[in-house]
Amino acid sequence: MGWAQMTRVAWRNLWRNGRRTVLTLASIAFGLLLAVLMTAMQDRNWADMIDLAARLGGGHVTVQHVDFREAPTLAKTVTGVEEVSARALADPEVTHVAIRVVGQVLLSTASSSRGAGFVGIDPDRESPSTLGIIESLVEGEMLPSAEGGGIVLGAGLADNLRLTLGKKVVYNMTDRHGEIIAGLARLTGIVRTGSPSVDNGLALLPLNTMRQALGYDATEATQVAVFIDDQRRSDEVAARLALTLAPTAAALPWHTSQPQLAAFIAMKVGGANFMKILIAVLIAAGIFNTLFVSVTERMREFGIMLAIGYSPGDIRSLVMLESTWLGLVGLVVGALLTAGPYLYLNAHGIDVTAMIGEGNVDVAGIGISPVMKVEIFPVNAVFIAVAAFMATIAAGIYPAWRAGRVAPVETIRLV
Amino acid sequence: MSEPGAIVRVEEVTKTYEQGRVEVQALRGLDLDVYSGELTALYGPSGSGKTTLLNLIGALDVPTSGRIAIEGRDLGDLGRRELSHLRRDRIGFVFQAYNLIPVLTAYENAETVLALQGVDAKERAARVGELFREMGLDGLEDRRPDELSGGQQQRVAIARAIAADPAVVLADEPTANVDSETAERLLDIMEKLNSERGVTFIFSTHDPRVMERARRLVRIVDGRVDGDEIRKSEPPSG
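In the order they appear, the protein sequences are chains A and B. When the first sequence is numbered by my numbering, its final residue is 415 and no position is left out of the sequence of numbers. When the second sequence is numbered by my numbering, its final residue is 653 and no position is left out of the sequence of numbers.
No lab work stands behind these hints, which were simulated from the structure alone. Please note that the accuracy of each hint is not assured.
Pair by pair, the computed Cβ-Cβ distance ranges are [as the list claims (entries may be wrong)]:
| no. | chain 1 | residue 1 | chain 2 | residue 2 | range |
| --- | --- | --- | --- | --- | --- |
| 1 | A | Trp401 | B | Gly565 | 42 to 52 Å |
| 2 | A | Val382 | B | Gly544 | 39 to 49 Å |
| 3 | B | Asp603 | A | Ala394 | 46 to 56 Å |
| 4 | A | Trp3 | B | Gly565 | 28 to 38 Å |
If you want the footprint, here are the derived chain A segments under chain B, 3+ residues with CB under 8 Å [to be verified]:
| no. | segment |
| --- | --- |
| 5 | 10-23 |
| 6 | 257-264 |
For every residue, glycine included, the Cβ atom is placed at its ideal position computed from N, Cα and C.
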């Protein structure tokens with residue numbers, strides 16, 4: 001029998017028990033819906049977190065002194081940062097570059113002292129694309145320039161220091177020679193991100209003021225933050241950039257410069273993959289059940305078919321085609337079922353602020369948006385589709401084998 | 416002893432089944448030759464071994480001892496795949512309960528064996544169309560088995576059995592599930608196919624109408640041939 005006819009027969013067999021087939025298709029479709037939305041939520045959230053971390057920290061790729069990771073002191077600098085910046089921007093995947101000085105600072109007012117992390121920035125070369133917290137300014141204004149005596153603080157930090165706009169704060173830090181230096185700044189702006197680690201522990205200071213205070217020259221900084229569109233390409237971009245750097249500088253992809261975040265995401269991805277395997281097993285179990293029951297009910301028919309000249313291979317192929325149909329139709333139904341919720345959640349997301357409380361959306365030190373949107377990487381969508389389809393095929397193997405093993409004389413009262 | 420030239424040759428065949436702890440000897444050294452163009456009815460009491468014999472001739476089961484050959488090919492020498500091809504190409508089956516494939520139309524059921532043989536669609540349409548006309552199935556081509564009467568289903572089953580021009584058609588109680596009028600019609604058709612097309616039939620039956628039409632009557636008792644009677648002259652070949 002030709003494949004076309006066999007395929008037609010398989011399709012009709014699928015609908016001999018329509019209710020059972022519909023239930024099976026529903027289980028496949030629902031499984032796909034779960035797998036796609038779960039993956040899409042992760043893809044989007046992880047990408048957002050990585051982007052946020054990049055915009056808060058050192059970019060998707062961080063150029064810094066080779067020893068900075070092991071000994072993060074203000075003595076470990078990169079020189080010739082303008083050339084580094086220009087070379088990075090020459091890479092077609094690089095969208096933005098920011099030069100920064102980062103370190104630890106002790107902030108003191110008349111009433112309180114607090115330790116914090118600081119980032120020395122040139123506001124003319126920063127934007128929300130490179131420094132996300134710019135969007136979170138709730139009072140005052142950003143630093144006017146890379147010079148001057150302004151400071152921007154997280155809202156919690158300002159509260160703890162009992163500092164209001166225009167008031168002075170003393171900063172102390174250790175310079176490259178290990179000497180303690182001090183400076184005076186006036187609060188120009190307050191940011192509130194919702195992330196406790198940012199709001200309670202971050203200060204922005206003018207880049208050139210920091211350079212002068214720390215004894216850096218004009219082409220020296222602790223960090224060149226490099227930004228790209230797709231964080232998944234950070235390894236490749238870092239590798240290319242590393243080829244252009246002096247031996248004392250290193251280009252680190254985000255997962256190396258932010259190992260805590262990378263470990264957190266890896267752990268979550270591992271858990272999610274386990275869930276996806278579970279979903280695939282459930283889908284396969286549903287299909288297996290349908291096909292096995294269907295095959296068991298048709299043993300006599302298979303016996304007749306073998307008697308009139310079908311080969312065991314024909315019978316096996318027929319059952320495998322039924323499994324293939326289930327998989328294909330399941331994918332189509334799954335896609336239709338998933339499209340609506342996916343598009344809605346992609347556009348609007350779910351606001352979980354009420355569930356977790358404002359100001360608590362912080363993972364591995366990275367603030368994330370309380371509005372959970374979805375956006376699946378195409379490669380993951382293809383993977384889910386292929387995995388679901390392969391699960392349906394795998395589920396058909398045993399029933400097909402069983403059907404091909406029918407002994408006609410045992411299932412029919414001859415002829 | 417067997418004579419040369421038989422389409423079906425059964426030599427000293429025994430078949431023993433185990434039913435629980437009991438050993439049942441269904442056939443006890445049975446010999447039978449069936450020749451081209453014969454309309455042979457196997458009859459005998461229930462449990463005499465008729466069905467077992469048809470199972471063995473149809474290559475659906477294997478004998479405990481002895482030899483069965485179809486057109487000179489010893490079934491014991493054939494593998495599973497060759498036996499499938501033999502059933503497909505040289506043996507037709509008509510089942511008591513029709514046993515059409517429920518998801519196929521009458522036409523598709525009738526052409527199934529031809530399709531399995533790889534006969535092209537045009538040739539299939541010509542052969543099945545001619546059979547449908549001969550058997551009064553015109554206009555029923557697109558009906559599914561559950562939309563056909565018992566007699567119609569059995570006619571489609573006969574068309575399926577003979578469409579590929581097999582060496583022999585094995586029919587087990589083909590009239591058992593239909594009324595008298597339908598039974599007569601089915602027998603008319605099979606008799607006509609036998610006399611005009613030279614189709615070789617072997618029936619297993621209790622039905623006196625079938626025995627009346629048969630050209631050869633083989634009585635089976637206790638797993639052996641107890642009587643073999645040629646009742647009418649053979650039809651002209653072809």
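Hints and how they fare:
no. : hint                               : in the structure
1   : A/Trp401 with B/Gly565: 42 to 52 Å : violated (35 Å)
2   : A/Val382 with B/Gly544: 39 to 49 Å : holds (47 Å)
3   : B/Asp603 with A/Ala394: 46 to 56 Å : holds (52 Å)
4   : A/Trp3 with B/Gly565: 28 to 38 Å   : holds (33 Å)
5   : 10-23                              : holds (count 3)
6   : 257-264                            : violated (count 0)
Comparing the model with each earlier hint shows violations of hints 1 and 6; every other hint is respected.
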